[in-house]
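Whenever a hint applies, use it, and build me the whole structure from the sequences.
Chains A and B, in that order, are what the protein sequence lines are.
Residue numbering for the first sequence follows the numbering used here, beginning at 46 and increasing consecutively.
Residue numbering for the second sequence follows the numbering used here, beginning at 493 and increasing consecutively.
Source of the hints: derived by calculation from the structure; they are not laboratory data.
Heads up, none of these hints are tricks.
Okay, the calculated beta carbon distance ranges per label pair:
| # | chain 1 | residue 1 | chain 2 | residue 2 | range |
| --- | --- | --- | --- | --- | --- |
| 1 | A | I101 | B | L537 | 17 to 23 Å |
| 2 | A | G229 | B | A594 | 24 to 30 Å |
| 3 | B | V546 | A | I227 | 43 to 49 Å |
All figures in this text were calculated on a predicted structure; none of them were measured in a lab.
Cβ coordinates follow ideal geometry from the N, Cα and C atoms, glycine included.
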Amino acid sequence: MFKGVYNWIDERLDITPIWRDVADHEVPEHVNPAHHFSAFVYCFGGLTFFITVIQILSGMFLTMSYVPDIQNAYYSVEYLQQRVAFGGIVRGMHHWGASLVIVMMFLHTLRVFFTGSYKAPREMNWVVGMLIFFVMLGLGFTGYLLPWDNKAYFATKVGMEIADTVPYIGPYLKELMQGGEIVGAQTLTRFFAIHVFFLPAALLGLLGAHFFMIRRQGISGPL
Amino acid sequence: MAHGSKDEKVVYVGDSRVKKKSSQPLQPDYSSYPGKSEAFIPNFLLKEWMVGAVVLVGFLVLTISEAPPLGYPADPNNAAFIPIPDWYFLFLYQLLKYPYAAGDYVLIGTVLIPGIAFGGLMLAPFLDTGNERRFYKRPIATSLMLVSLAACVYLTVVSWDQYQHELEVQKIEPEHHKRVREAEKNALAGKPYNHPKPNDSVALVAADDPAMETYKKATCIACHGGELEGGGAPALLGVGDRLSKEEILTVIKDGRGAMPAMLDTATKAGVTEEELDKLADWLAKQKKE
Numbered sequence: 046m047f048k049g050v051y052n053w054i055d056e057r058l059d060i061t062p063i064w065r066d067v068a069d070h071e072v073p074e075h076v077n078p079a080h081h082f083s084a085f086v087y088c089f090g091g092l093t094f095f096i097t098v099i100q101i102l103s104g105m106f107l108t109m110s111y112v113p114d115i116q117n118a119y120y121s122v123e124y125l126q127q128r129v130a131f132g133g134i135v136r137g138m139h140h141w142g143a144s145l146v147i148v149m150m151f152l153h154t155l156r157v158f159f160t161g162s163y164k165a166p167r168e169m170n171w172v173v174g175m176l177i178f179f180v181m182l183g184l185g186f187t188g189y190l191l192p193w194d195n196k197a198y199f200a201t202k203v204g205m206e207i208a209d210t211v212p213y214i215g216p217y218l219k220e221l222m223q224g225g226e227i228v229g230a231q232t233l234t235r236f237f238a239i240h241v242f243f244l245p246a247a248l249l250g251l252l253g254a255h256f257f258m259i260r261r262q263g264i265s266g267p268l
Numbered sequence: 493m494a495h496g497s498k499d500e501k502v503v504y505v506g507d508s509r510v511k512k513k514s515s516q517p518l519q520p521d522y523s524s525y526p527g528k529s530e531a532f533i534p535n536f537l538l539k540e541w542m543v544g545a546v547v548l549v550g551f552l553v554l555t556i557s558e559a560p561p562l563g564y565p566a567d568p569n570n571a572a573f574i575p576i577p578d579w580y581f582l583f584l585y586q587l588l589k590y591p592y593a594a595g596d597y598v599l600i601g602t603v604l605i606p607g608i609a610f611g612g613l614m615l616a617p618f619l620d621t622g623n624e625r626r627f628y629k630r631p632i633a634t635s636l637m638l639v640s641l642a643a644c645v646y647l648t649v650v651s652w653d654q655y656q657h658e659l660e661v662q663k664i665e666p667e668h669h670k671r672v673r674e675a676e677k678n679a680l681a682g683k684p685y686n687h688p689k690p691n692d693s694v695a696l697v698a699a700d701d702p703a704m705e706t707y708k709k710a711t712c713i714a715c716h717g718g719e720l721e722g723g724g725a726p727a728l729l730g731v732g733d734r735l736s737k738e739e740i741l742t743v744i745k746d747g748r749g750a751m752p753a754m755l756d757t758a759t760k761a762g763v764t765e766e767e768l769d770k771l772a773d774w775l776a777k778q779k780k781e
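Next comes the structure, spelled out in structure tokens:
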């Protein structure tokens, strides 16, 4: 039955080569922790992606309760954490996952750096990886404001003051992010939109490019 | 039918009448590496899956044992609060506290140093162009990275220490700790343990004022509730924080939003002009604290 459906689709769309390419590509011994324990350092990239998937899933569940409005944001987070079934776990996963994803990405970056894997012909993939790094930091910065407690508010205020010091574009940058003269209602909705729509979209595009280039170029050889 | 046998699989290229050439694009293979390479799915993914499972267990243990912190609602007038960013921004935050990267030289801290560091990192493949990949054969790149790493770790640790020190000196308890402690106390006492919304915490002011009788007589009570707590209409607790006496009188006389003009109703119920004035006076006194 399943095979029949698969064959029916495959006859028309020829999907076999697409997934066979992903499934059958060979993984060399030097990155396989089953052969060399020290090869676990090659797992950090995959783990970063794993935590990113957790972030996306837990974030989707968070938006079911979260209200991006200065009157209700804090109380909706508190309600989620205290009253919604497993709400504390969902928020906990998103909160701690945000730190863990930075840690994993940092370790992955160091692995790529110290194994010299960013060298030709993989320069572009390194640059895309750095862009992913910046998008992740942006996600961390915008997400920090969303619970709308004092820590969130004052950290964002400091961030805005730092943005303000940039020559020429600083004040415009600050106003663009704040959505006005102060950190307030507009800032919260703006940060919410950036955190939930703009940056994740950019992240998915960059991740797609990152993975595409890995498939085309393969993992760098053993040292 | 363009193809003869039913079993023959046809791969189309754009124009469906043109059969695809059988040559596949070259896949990188690892036959040049000595050793045991294996297929990605399922062989290798299974191993990566196990690493992932170990990480996931650790992650969930952390999540369950440590509730995510939440302080008190943002209050822009809170001057005593010590701002602190998330830990991975601490190194930048700390950098800006040094005199050579603050005040007149703030651009060094906000633009120059981060720009050089992150710009250099971003352009690493174009700066470090040699063929050598082993880190101990690339002393410049490796030492620059190690120095930057040490600097980031140092700045982060110093920043966190200073924050802790400041909390201690100013005798400030971090809000997320305070909130948990208060919530636990309230929960044990059988009281609601969530942080009260501003409206909830406003008490009725001067409940024994004669204006309370006018409030009942003028039928305000029907919609705004026996304790001004609201019901069919908004609560009037703390209304004095939002409206002045004159504004309250205008609302009573002319209505506002869904509220009809109540002057006629009140007059028919026998409320005098003077009583109405006292009522507005009393309502204007309904302030927080």
